[in-house]
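Number of protein chains: 2
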Amino acid sequence: MNEKLTAFRRLMKERGVDMYIVPTDDFHLSEYTGDYFKCRAFLTGFRGSAGTALVTQEEALLWTDGRYFLAAEEELRGSGFSLMKMGVEGVPTLSEYVQAHLKEGGVLGYDGRTVSAQAGKQFLRIAEEQGARIADGWDLVGEIWTDRPPLSHEAAWILGTEYAGEDSASKIKRVRDAMKALGAKAHVLTSLTDISWLLNLRGGDILYCPVILSYLILTESRCVFYVQSESLTEEIRSYLEQLGVETQPYEAVYEDVSMLEGPVLLDPSCINARLYTLLSGRTGLVEAKNPTILMKAVKNEVEAENFRAAHLKDGIVLTKWLYWFKHTVGKEALTELSCARKLDAMRRAVDTSKGLSFETIAGYGPNGAIVHYEPTEESDTPVEAKGFLLVDSGGHYLEGTTDVTRTIACGPLSEKEKEYFTLVLKGHIDLASAKFLEGARGMNLDYLARAPFWERGLDYRHGTGHGVGYLLSVHESPNGFRWKVVPERNDSAEFLPGMIQSDEPGIYLAGEFGVRTESLLLTVEAEKTEFGQFLAFENLTLCPIDLDAVIPEMLTKEEKAYLNRYHETVYQKLCPFMNEEEAAWLKEATRAL
Amino acid sequence: MNEKLTAFRRLMKERGVDMYIVPTDDFHLSEYTGDYFKCRAFLTGFRGSAGTALVTQEEALLWTDGRYFLAAEEELRGSGFSLMKMGVEGVPTLSEYVQAHLKEGGVLGYDGRTVSAQAGKQFLRIAEEQGARIADGWDLVGEIWTDRPPLSHEAAWILGTEYAGEDSASKIKRVRDAMKALGAKAHVLTSLTDISWLLNLRGGDILYCPVILSYLILTESRCVFYVQSESLTEEIRSYLEQLGVETQPYEAVYEDVSMLEGPVLLDPSCINARLYTLLSGRTGLVEAKNPTILMKAVKNEVEAENFRAAHLKDGIVLTKWLYWFKHTVGKEALTELSCARKLDAMRRAVDTSKGLSFETIAGYGPNGAIVHYEPTEESDTPVEAKGFLLVDSGGHYLEGTTDVTRTIACGPLSEKEKEYFTLVLKGHIDLASAKFLEGARGMNLDYLARAPFWERGLDYRHGTGHGVGYLLSVHESPNGFRWKVVPERNDSAEFLPGMIQSDEPGIYLAGEFGVRTESLLLTVEAEKTEFGQFLAFENLTLCPIDLDAVIPEMLTKEEKAYLNRYHETVYQKLCPFMNEEEAAWLKEATRAL
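Residue numbers (the working numbering), protein chains in the order written: chain A, 1106 to 1698; chain B, 1106 to 1698.
Okay, chain A solo, but in the shape it has when bound (with noise of 0.2 angstroms):
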């Protein structure tokens, strides 16, 4: 028997608790968490980005989905743990699990900062038709980590207005008008990307989302940032003071909740069950969206100059790169990984580069049809000269952030290969040159990308494309591109111009190869006539797609032209930015069909 679990069922006994839940999230529900947080990997071995533990004293199991069956199955080899595959028949989900086996009278518990309101609120109600009771205030995995990893607390930097477009205290006069509209007095804000955006600062404590650490609590005279000190630097303070923003320590919030006055504003997708609970007794609690996620998601025009501006210096890194790599491949010995590292280098050395927005796909032959496959040192492969190589990857810059897709064409491909790389571009052209009313949503426009794939009983499953945060996290909620309505992943807002979103339509053929293109769209007006005001989207993505995988007969007339008009701009763009063979080989890679 596993010494981990043994000990911690000795701890759960002590504290007389039944039943315990280790999920994966943070206490701010980040996309990606730090490795103080990574209790659940802790406790089972289990290392994949998403999956729940639960442990009572007979048994031990974890959730987790289709992507990671096979890699949990190996992790959890002597754990103690049993695996509970999500969506697979005959497998219960986390709440029946509990809803069956919670007894009158035991104790359900978990670490109350861990989980959502939205997920703590099933709990209660589970726990209160069961007759049990809820314990969210020990975090019970912390108590027998003994080598953890302390709390990252990287030094905050600001984001100066040439780059925000907007000052702090107009932020936050913005988000004042916002409460007063919906009757609050106070607003508690523990989403990292909010906060961040707020205060026009950025930090380094999460891998890929340049962000703090903290808390914020706003009133409406006071701005209180929950923060460790270590992450304060001298001109951060001074910036503070300015700002007239008093800091306290991170953990404070939990205190400082229960003396605020009047109705509390909250948003019950962003904030975690214990400070709910600590807030949810009072009378005036108003739940609704943070208003700082639309206005962020709406970039002023300096930051849409400023992304502009981004995507040329990814756009000039990523074609070099491209040149590179198709004089490279078939003559030197090339894998995923270190093709990944090349262009990773290329990035980073970019002067106002933040590093990168996420970890490079870059997935050659059967590989670039795992969709979140990233090469690994034991997974990497050669790549030869023939195939497909499908790289999706972006960068921070000072600028804003970047997400591009392309599949390139390492040497000779199929008639299957062109054909569906064909569909694919059909798709993402149809989709970036779509024109519309204000008032239309992602839900209207996702067929555009799938037609030319249901068209032939085809699909891929996953979204059509996500929001995408400046110098935030590169996935940012509410618009993006899906069909199927899913309310609570709130990510087919109406579109608003200054919205940006990725277009990334891809096809996945299991056991042969990948195809996803992907560029960045920003909202912008169209013309306004009787009828409102029309919206269209500009393409911000600076990259050759590879004509060598295109087969022209399969596109229309419009989406040549809309081709054609692409790659004009990519080369007047990127052209003297190229040395002389570069530019040469940009003209053919860049010509009109």
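Because the hints were derived from the structure by calculation, they are not lab data. A couple of the hints might just be wrong.
When chains are identical, the list treats them as one kind, so a pair holds in a single copy or across two.
DSBU-like, lysine-lysine: derived pairs with alpha carbons at most 35 angstroms apart [as the list claims (entries may be wrong)]:
no. : residue 1 : residue 2
1   : K1540     : K1190
2   : K1589     : K1285
3   : K1190     : K1285
4   : K1491     : K1436
5   : K1665     : K1523
6   : K1285     : K1208
7   : K1190     : K1633
8   : K1633     : K1523
9   : K1662     : K1540
Being a predicted model, the structure only gives us computed values, none of them experimental.
Based on the hints, put chain B in the right spot on chain A.
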């Protein structure tokens, strides 16, 4: 001062009612209502299909929408009522007005049978906020309406299973299963189309919608039909008895609901406020969509086959009429009304006809641009041998219901007329050609019909399509095509095989002309692949689309192919029923482009 209004205010005073609301609905929230229910028209003089009156001792107001501003001003003259223009800036909504003027301790009255439970909840909330009271038990207009027409009680008749495809016992079982799944012991139905569908009965109590004024309560063991005894023939009584359905007087439902045991299932959007009030005190109220809504929307195979037969009969009539019109316009004096009356008479002469499914719209020239135009003796306009006549019409048959719009070239057309006609045709065809995964909704596909308009900064301000009932209402939820998400409209359900909806984009140039092309689409299965079940649409409507108005160069290859295939089908199906001249003309009218 108007006598009616004076008498009404006197009555309000006697009863201690400070503010009284008179809506347009009958007791069943029907789309069309019988003469008995026209209280608002009686009190105010305004006869439009939408409007709500409100009376206090000081004010008498009528709210209606933009379609009726002109008519309402005319008809309200001398009534003592002032017009409240809905949607015009500065004009409060009915709720806002009530909120602002209902005083503490005041009494807000209305006949709760004519208000939806949803609206009733809203009035109750306002009253509670103001410290006022609701009196929803009096039909005060009825008390002063001395020459009120009687409640309709036309004889009911049985729709045999050769038409309905499923007997009533089987339907009742399915609804009971749904009740069980929802944990309900009883279910109260007030929607007339749901009741008619469930019992396989039809009647004649509402114009254009062959239903029976009635209520129905279903429990695990009983099925009670509340209906006027005049509606029941001996045959119907014996049919109901065999089915195990008890009958009770129409109004007895208001007493019986109080005696129901166990949780009661009801649909707050389909039940009136009085019944809701009577039921809302109890603990077990299950608020959910009526299970019958989805069941009746999904036509079974017999119904689908019948719909094809209905469309053949309807197509023969409409096409023969079209032949007559094309050969008569410019030779004989025609008007909108004379054209409509001829078509109506031809439809009514079909062997299995059950009347029209709605009032025929025949709009010539600029009248075609008025979306809800129906010609009257006053508006009737001569039809000349140029420009467009827009004809939107449909019939009820034992085999189903039709709804078709054709815009007809009466002679030479301008380039602009042809261009807009072709745009509408493109949208119509692009939507009809859609292929999509099960799970898609109208809001995913609506863009297909609008894209040709939106590309040019144009739009039409109505939904692209609505569900169609089987010898019930021609407008049926929950399926349809709409791009804006309006949750309470309940018209963007996931498409399922067997659902029928209209495809009717249009364009309306005020003062010039209007174009609309409408066919009914049956949702059918396409192939099933590893990605799921794909669906597509089968075009049911059989009537040529006027090629005299098409600019072929504006159509894509795929659009042309669709149109040619459609016309080939129209010719093949209709030709056997045409005389020699008609057949020769039809051949030409359905020629391939």
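Against the structure, the hints:
In this assembly of identical chains, K1540 and K1190 lie within 35 angstroms of each other by CA distance solely across copies; the values are 32 angstroms between and 42 angstroms within a copy. In the homo-oligomer, the alpha carbons of K1589 and K1285 lie at most 35 angstroms apart both inside one protomer (34 angstroms) and across protomers (28 angstroms), since each shortest distance falls under that limit. When the C-alpha separation of K1190 and K1285 is checked against a cutoff of 35 angstroms, the pair qualifies only between copies, where the shortest distance is 30 angstroms, while the shortest distance within a copy is 46 angstroms. Proximity of K1491 and K1436 under a CA criterion of 35 angstroms is satisfied intra-copy only: 12 angstroms inside one chain copy versus 72 angstroms between copies.
Taking the closest pair of Cα atoms, K1665 and K1523 come within 35 angstroms of each other both inside a single copy (16 angstroms) and across two copies (28 angstroms). In this assembly of identical chains, K1285 and K1208 lie within 35 angstroms of each other by CA distance solely across copies; the values are 27 angstroms between and 44 angstroms within a copy. Only between protomers do K1190 and K1633 lie at most 35 angstroms apart by alpha-carbon distance; the minimum there is 26 angstroms, versus 51 angstroms within a single protomer. With identical chains, the CA atoms of K1633 and K1523 are at most 35 angstroms apart between copies only, with a shortest distance of 24 angstroms across copies and 40 angstroms within one.
In the homo-oligomer, the alpha carbons of K1662 and K1540 lie at most 35 angstroms apart both inside one protomer (17 angstroms) and across protomers (22 angstroms), since each shortest distance falls under that limit.
In summary, this structure violates none of the numbered hints.
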